[in-house]
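A.B. asks: Top line first, the protein sequences correspond to chains Z and Y.
First residue of the first sequence? That's 696 in the working numbering, and the numbers climb one at a time after it.
First residue of the second sequence? That's 8 in the working numbering, and the numbers climb one at a time after it.
No wet-lab data here; the hints were simulated from the structure.
This list has only true hints and no planted wrong ones.
Listed next, the in silico SDA-like pairs over lysine to any residue satisfying Cα-Cα at most 20 angstroms (straight line):
1. Z:796 / Y:190
2. Z:799 / Y:201
3. Z:1051 / Y:181
4. Z:890 / Y:162
Predicted model only: the values in this text are computed from it and were never measured.
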Amino acid sequence: MHKFLIRSFVSSLVLLFTLTVAAVAKDVKAAFVYIGPTGDHGWTYQHDVGRKAVEAAGFKTTYVEGVPESADAERVLRQLANSGHDIIFTTSFGYMNPTNKVAKEFPNVKFEHATGYKREHPNVATYAARFYEGRTILGTIAGTMTKSNVIGYVASFPIPEVIRGINSFTLAAQKVNPNIKTKIVWAFTWYDPGKEAEAAKALIDQGADVIAQHTDSTAIVQMAEKAGVYAFGQASDMDKFAPKAVLTSVENNWGPYYVDRVKAVANGTWNQKDTWHGIGDGMVVISGLDSQMPSDLQAKVKKLQADLASGKVHSFTGPIYDQKGNLMVAEGKTADDGMLAGMMTYVKGVEGDIPK
Amino acid sequence: MIKIVKRDQPSKAIFFFTPILAIFLTLIAGGIIFYILGFKPFEALKFFFIVPIADKYGFSELLLKATPLCLIAIGLSFCFKSNNWNIGAEGQLTFGAIVSGGVALLFYDQEGFYILPIVILAGAIGGMIYASIPAILKTYFNTNEILVSLMLVYVSKLILDYLVVGPWSNPEGFNFPETRQFSDSARLPLLFEGLRIHAGIFLALAAVVISWFVFYKTYLGFQMKVSGFSLKTAKYAGYKGKKMIILVFLISGACAGLAGVGEITGPIGQLHREVSPDYGFTAIIVAFLGRLHPVGIIFASLVVAITYLGAETAQIFMQIPKYTGQVFQGMILFFLLASDYLLFFKFKFIGTKK
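Chain Z on its own, in the form it takes in the complex:
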């Protein structure tokens, strides 16, 4: 972890000294590389909403969808860099190595890689969102709305991003309801409606009456609608897919960041950095709250949202214990970004083990 911090520190120094002096380009063209189809109503869909915001701001954009993280990614990136694009957003973790490799060959093109940690060249920046802040809100709602005190959680892969989400969700739920248990099913996919629906069903069968998800399809909220339990939308507002089940959604709002960065290229002020924005910066947005939620809960959620945005409340405020009862974060302290970035242990109250 220290290595990570040192690396980020060094790279921020590097950026101070190597501020790219790009000629003021008038017609900046931005390109986006997507892992899925733009119609997935999840991860890729939201990135494409962000791309449309860039178009609306007066820039030309190009996108390529369904680019596998295999050897093909590198070719697509090189072709985009070669065909007059000034900034290229690569929106999936698996594009990390190809992004850095192609960036080396095109020092005049800016590359922005989502959710990764490698910035090997001065023209590579990384960005991600503090989705865990949204999950603090969802946990608060789930802990209040559950009657069975069993909350289901469909997870994708055991990486820090997902573990962090489970923990922040569980901590918030425990705060309003100390008796809750979070049951996890690992789907080992980001997007597979069939598998996700099965996972949700398994959790409902085990008594869960609120289902949270860290996968991208709408299958889970639809399954919850059928079974008459509550659920939360992921990545986009999924209310229309399951109007009764969905209490709210955590939306990924990339538009403002994308517009900012493309404008920075146009002004010649683009610099290398690592961005990790949350509710406060508007990268994480909470959709409208469902009317089934009691009004005092709605008020509480609104206040929590404002406090998370202002920094008054932090999702990981001590005391936090792991499953074995060891202290992870001391009372009155908050977890630092280094700890969050490498989080690979469950907090107390999460059932089961992290798959190894």
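Put chain Y on the given structure of chain Z with help from the hints.
C.D. replies: Leaving out everything else, chain Y in the frame of chain Z:
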């Protein structure tokens, strides 16, 4: 009046002509689809089939893409020629990649000329091990190799998932699902500076030459041919069917495994969840489009490879959805199977009597 008449014998000329007809029909149908979608058909086809390979880099990418398709399809032709329906090349590719990747990871911090040959061999053996499962189950337990080999694809992907998420994940990689990068000694050498085309292409060419020799110059090739026409005849002739079934599966698995090696030690350089964009399945189209003939497969792999490249170019320059590439692959197979009708039947023009 036109009358449809059955041919006395399947036409050999038509046999090699229909793949070309299928490609031609695909182009026409593709043009119509582009037109309906609101794109200029000729411009779209240009971006699909000409622009991607118009320069040296594009052509090298075509060869890079065609290499695994050709290698796998050659392997599959051993199976298909002898009536063994190995649908699981994707699984054999994945397992080959797992085994060779595992070996490459053992040497991640070492350099040496001996590493690459071991890694390549490991991939071939991995593919063979994985292909032997449906082969043995078929020969000794009469299971259906289509189902077994297909199901094993998903098993292999789950094994790969497990390994890259868990025990083999990069210790410095923040638990993201990928392994360390292989050492340079475990990477296939690049043929030209600045291009991604690598020495794996020689493996594919060697497979082409060897398969041609086996198919047309050896007793095994003859046995395969007879078994392909009629299993009963093969049995009557006293061929050892079981041995041949296992052998063709092993060859097919080795080729798929080598294709996996080519991907991970060529352009990718590590193991992660997506070592192949379903080459193992697409190669089935390639094998049939190439009429299970080694030279035909070379051309077929180039044609199918260009549908991948063209789909990317068409999306970048014309905003045509990239998934049309898959539509083209599907259409090629469809028109090929449909035009096979001409193998067995012919149209006869008869003057109407008044």
